[in-house]
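K.L.:
Letter by letter, the chains look like this.
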Amino acid sequence: MKGVKIDGTPSAEELHASPGFPQESIRKGPLAFIECVEEIPCNPCATACPRGAITLEGGLTALPRLDAELCTGCGLCISVCPGLAIYVKAREHEPGFSSILFPYEYYPLPQKGDPVECVNRFGKSICSGTVLSVRTAEKLDRTALIKVSFPQAYFDEVISIKRLPNQ
Amino acid sequence: MEKREVIIVGAGPAGLSAAVEAATAGCGVLLIDENSKPGGQLFKQIHKFFGSQEHKAGIRGIDIGKRLLEEAENLHIEVWLDSEVCGIFDANKVWVVRNKKETVLLQGDRIIIATGASENAVHFPGWHLPGVMGAGAAQTMINIHRVLPGEKVLMVGSGNVGVIVSYQLLQAGAEVVGVIEAAPRLGGYGVHTAKVRRAGVPFFVSHVVAAAEGKDRVEKVRIVQVDPRWNPVPGTEKTLKADTICLATGLTPLTELAFLAGCESTYSPVLGGHVPWHNSAMRTSVRHIFIAGDISGVEEASTAMEEGRMAGLQAAASLGHVDEADAMIRGKAIQARLDALRSGLFGEKRKNAKESIFSAMGNSNNGAR
Numbered sequence: 001m002k003g004v005k006i007d008g009t010p011s012a013e014e015l016h017a018s019p020g021f022p023q024e025s026i027r028k029g030p031l032a033f034i035e036c037v038e039e040i041p042c043n044p045c046a047t048a049c050p051r052g053a054i055t056l057e058g059g060l061t062a063l064p065r066l067d068a069e070l071c072t073g074c075g076l077c078i079s080v081c082p083g084l085a086i087y088v089k090a091r092e093h094e095p096g097f098s099s100i101l102f103p104y105e106y107y108p109l110p111q112k113g114d115p116v117e118c119v120n121r122f123g124k125s126i127c128s129g130t131v132l133s134v135r136t137a138e139k140l141d142r143t144a145l146i147k148v149s150f151p152q153a154y155f156d157e158v159i160s161i162k163r164l165p166n167q
Numbered sequence: 168m169e170k171r172e173v174i175i176v177g178a179g180p181a182g183l184s185a186a187v188e189a190a191t192a193g194c195g196v197l198l199i200d201e202n203s204k205p206g207g208q209l210f211k212q213i214h215k216f217f218g219s220q221e222h223k224a225g226i227r228g229i230d231i232g233k234r235l236l237e238e239a240e241n242l243h244i245e246v247w248l249d250s251e252v253c254g255i256f257d258a259n260k261v262w263v264v265r266n267k268k269e270t271v272l273l274q275g276d277r278i279i280i281a282t283g284a285s286e287n288a289v290h291f292p293g294w295h296l297p298g299v300m301g302a303g304a305a306q307t308m309i310n311i312h313r314v315l316p317g318e319k320v321l322m323v324g325s326g327n328v329g330v331i332v333s334y335q336l337l338q339a340g341a342e343v344v345g346v347i348e349a350a351p352r353l354g355g356y357g358v359h360t361a362k363v364r365r366a367g368v369p370f371f372v373s374h375v376v377a378a379a380e381g382k383d384r385v386e387k388v389r390i391v392q393v394d395p396r397w398n399p400v401p402g403t404e405k406t407l408k409a410d411t412i413c414l415a416t417g418l419t420p421l422t423e424l425a426f427l428a429g430c431e432s433t434y435s436p437v438l439g440g441h442v443p444w445h446n447s448a449m450r451t452s453v454r455h456i457f458i459a460g461d462i463s464g465v466e467e468a469s470t471a472m473e474e475g476r477m478a479g480l481q482a483a484a485s486l487g488h489v490d491e492a493d494a495m496i497r498g499k500a501i502q503a504r505l506d507a508l509r510s511g512l513f514g515e516k517r518k519n520a521k522e523s524i525f526s527a528m529g530n531s532n533n534g535a536r
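Note that the protein sequences, when read in sequence, are chains A and B. Note that my numbering numbers the first sequence so that position 123 is 123, with each residue one more than the last. Note that my numbering numbers the second sequence so that position 24 is 191, with each residue one more than the last.
The hints are simulated quantities; they were obtained by calculation from the structure and are not laboratory data. These figures come from a predicted structure and were not determined experimentally. Beta carbons: idealized from backbone N, C-alpha and C, even for Gly. Check before you lean on any hint, since a few could be wrong.
[Claimed, not checked] Short derived list, chain B residues pointing at chain A, Cβ under 8 Å: (1) R227; (2) I229; (3) G340; (4) R352; (5) F513; (6) G514.
[To be verified] DSS-like mimics (lysine-lysine), calculated; alpha carbons at most 27 Å apart, straight line: (7) K124(A) x K499(B); (8) K405(B) x K2(A); (9) K124(A) x K408(B); (10) K139(A) x K223(B); (11) K499(B) x K223(B); (12) K223(B) x K162(A); (13) K162(A) x K319(B); (14) K124(A) x K267(B).
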């Protein structure tokens, strides 16, 4: 892992050094993870959070800081992030299985109950998962929110699903 | 000769914003664009924009474009489409070929040039083959005309244009076989590169195209690693199967009209090369002429819209449509929004480049501040 400016995706070190990435997710329930490691002028995540769990200290280009105590994992920040850099993960959705709620902007959309391939930050399929829900509300503005359950052993790595083939 | 108070050349994000601002202030505005639809590049920006609420962050470019057009329509702004401005001379005369057939000479009390920028090409053996195109061209094909330029695409250049268009090509159903970058580090926002990477697209830093090969069109591409002095490293060639090569290798401001009109030029490598000198009010060395958007330095649609607002406001103020104190307050608010967009890791360089233009000597006998 060489980091976001070489690989295109942030390294574990870069993520853990950023204030939007929860250091140790102790809780079992849902929690937002913000993979935003570069200072860009952007703050819709902070504006969208109804509980003030996301703050930008020092202006528009500051990195978003997540207060894990305040975050309920509601997911309102996910679809407003222009960088598609936020997802909500629950370590123990059910015994042995985690879940991820992530933004998805490809057609076709998966359907609830579908088996899917879960991918890591490099787009590599690492485990299989099951679609728990697909949200496409108007407010999401064509960014679908997909919730998938997957084996807990892959908690840190799973970030999205493999694109479904064109119809 | 027909006269207008404010003539705006280019109906992209900068020109439209300038028109809305000037018309709101009470100016008679004519907006001219050579295309058959207004909006410039905004209508192919299907992604959500960055910024804050006041910059319309989180809204897709295409929808920002629709809102701007509605504003322009509500203000009954006169728009000439399919009309090309071929020259500006005697400070305020504008030569237009209207509807692609009729020559019209206009006089404008103020002229705002918002012509944008054009894509740079890089040259390599095989670059003439069908299948090699600008990334912007590919974006027009998929997002405006809904035609896929190819099945397997290599993107050359990892700046925001390169990575955004790569993502949109994936959304359109193409396979992106890789993004190559000549520099040792990727150029675009990490959040853009990350979403392309998680779709399985590899990035190759310190790589350039050695050659595109194919009989009647691109069939494969040879890429090669370069050393810190940009020389190819022997033994590092790779061949990728691709039928399309998209060039996202920078933009150059479209300055011809401004220079034809006698606007003084200044050089800024950070902003894309030669640009007309301008002050923070977007006024050039020719006092009737203002500029806005990429012509004044290549940035983004969000900065172009703010610059357009500034040019429209200041043009209106210089015609007496806005009282001085009011113009000052509103100008400061626009400047604050521009400064916010030009802050941080990526924006700082552009902010410094802009400020060095503002502080450079303009033509001293023209009354521009």
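K.L.:
Hint by hint, note whether the structure agrees.
P.N.:
Going down the list of hints, with the structure as the test:
no. : hint              : result
1   : R227              : holds, 7 Å
2   : I229              : violated, 10 Å
3   : G340              : holds, 5 Å
4   : R352              : holds, 4 Å
5   : F513              : holds, 6 Å
6   : G514              : holds, 6 Å
7   : K124(A) x K499(B) : violated, 49 Å
8   : K405(B) x K2(A)   : holds, 21 Å
9   : K124(A) x K408(B) : holds, 20 Å
10  : K139(A) x K223(B) : holds, 15 Å
11  : K499(B) x K223(B) : holds, 19 Å
12  : K223(B) x K162(A) : violated, 31 Å
13  : K162(A) x K319(B) : holds, 18 Å
14  : K124(A) x K267(B) : violated, 52 Å
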